[in-house]
Amino acid sequence: MRIKAKLKDGVTTAKVMAKHPMMSYDEAKKKKKEANFITHITAKVGDEVVYDASTSQFLSKNPYIKFAFKGENKGKELVITWVDLSGKSKTGKKKIK
Amino acid sequence: MERRKFLGLGVALFAASVVPASLMAEDFRKSKPNAWTTKNPADKKGESLDGVNAAIKELFGTDKVEVGNVKLKAPDIAENGAVIPVTVKSDKATKIAIFQSANPEALVAVFDVPKNGIPEYSMRIKMSQTGTVVAVAQIDGKLYKAEKVVKVTIGGCGG
Numbered sequence: 000m001r002i003k004a005k006l007k008d009g010v011t012t013a014k015v016m017a018k019h020p021m022m023s024y025d026e027a028k029k030k031k032k033e034a035n036f037i038t039h040i041t042a043k044v045g046d047e048v049v050y051d052a053s054t055s056q057f058l059s060k061n062p063y064i065k066f067a068f069k070g071e072n073k074g075k076e077l078v079i080t081w082v083d084l085s086g087k088s089k090t091g092k093k094k095i096k
Numbered sequence: 000m001e002r003r004k005f006l007g008l009g010v011a012l013f014a015a016s017v018v019p020a021s022l023m024a025e026d027f028r029k030s031k032p033n034a035w036t037t038k039n040p041a042d043k044k045g046e047s048l049d050g051v052n053a054a055i056k057e058l059f060g061t062d063k064v065e066v067g068n069v070k071l072k073a074p075d076i077a078e079n080g081a082v083i084p085v086t087v088k089s090d091k092a093t094k095i096a097i098f099q100s101a102n103p104e105a106l107v108a109v110f111d112v113p114k115n116g117i118p119e120y121s122m123r124i125k126m127s128q129t130g131t132v133v134a135v136a137q138i139d140g141k142l143y144k145a146e147k148v149v150k151v152t153i154g155g156c157g158g
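If you read the sequences in order, they're chains A and B.
So the first sequence is numbered by numbering that gives the first Met the number 0: it starts at 0 and just counts up by one.
So the second sequence is numbered by numbering that gives the first Met the number 0: it starts at 0 and just counts up by one.
Take the hints with a grain of salt, since some may be wrong.
What the hints assert, rightly or not - Distance condition first, Cα-Cα at most 27 Å in a straight line; then the derived BS3-like pairs of lysine-lysine:
#1 K5(A) x K91(B)
#2 K88(B) x K75(A)
#3 K114(B) x K150(B)
#4 K69(A) x K91(B)
#5 K89(A) x K91(B)
Think of the hints as simulated: they come from the structure by calculation, not from any bench.
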């Protein structure tokens, strides 16, 4: 996944592009494949959760998300984790600039 | 000959995955499973908000929603129904949910706003046909919403 995390005036703005086919049930039926899509995305800085999204089959393929959070987090690591319907999980990290 | 057996069993036990639940915000897919399967009426071509309202009730426990306090940005016309940029903003919201009337099911995403989180989110969604995107925010236990009709020229759900 691609992560951008910029801190300005006490607010970190994060842009994340996860790689995932996000195959909906209808798409899966047509392609004779298993439906699979990201169902939960969280972002943390240390122990603190800064973003939490429960998601569906209706996010676009290779989901792009943008969010922001407060805090003096310069140099700290932003950790993004997603889980999909099949139970697979992926984590990405980026230092907040 | 002496054989030393290093009992690595203790280590193997700790290898089992443990997810620290200490600061996990709510996973609405687990806590509100019915909200995710609430359907939009298939025969109404995206024009009915019945499915959206039913999903709101499943998720929040009530369908009493006032218009206001929520800013929803989405294109008037989506050239590509598979990639529709949506931004929602609602100061003071603790939860924000996105619904639409176009797809087989109504609920798209739920954001749980953490302590230092800023309730403004952008994402890209799919819509299989023209329909209404509805953003609902929970502020102080009350629900508020904003709606936007998005015209879809080429359906985005593999159609």
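Cross-check of the supplied hints:
| no. | hint | result |
| --- | --- | --- |
| 1 | K5(A) x K91(B) | holds (23 Å) |
| 2 | K88(B) x K75(A) | holds (26 Å) |
| 3 | K114(B) x K150(B) | violated (36 Å) |
| 4 | K69(A) x K91(B) | holds (14 Å) |
| 5 | K89(A) x K91(B) | violated (31 Å) |
Of the numbered hints listed earlier, those contradicted by the structure are 3 and 5.
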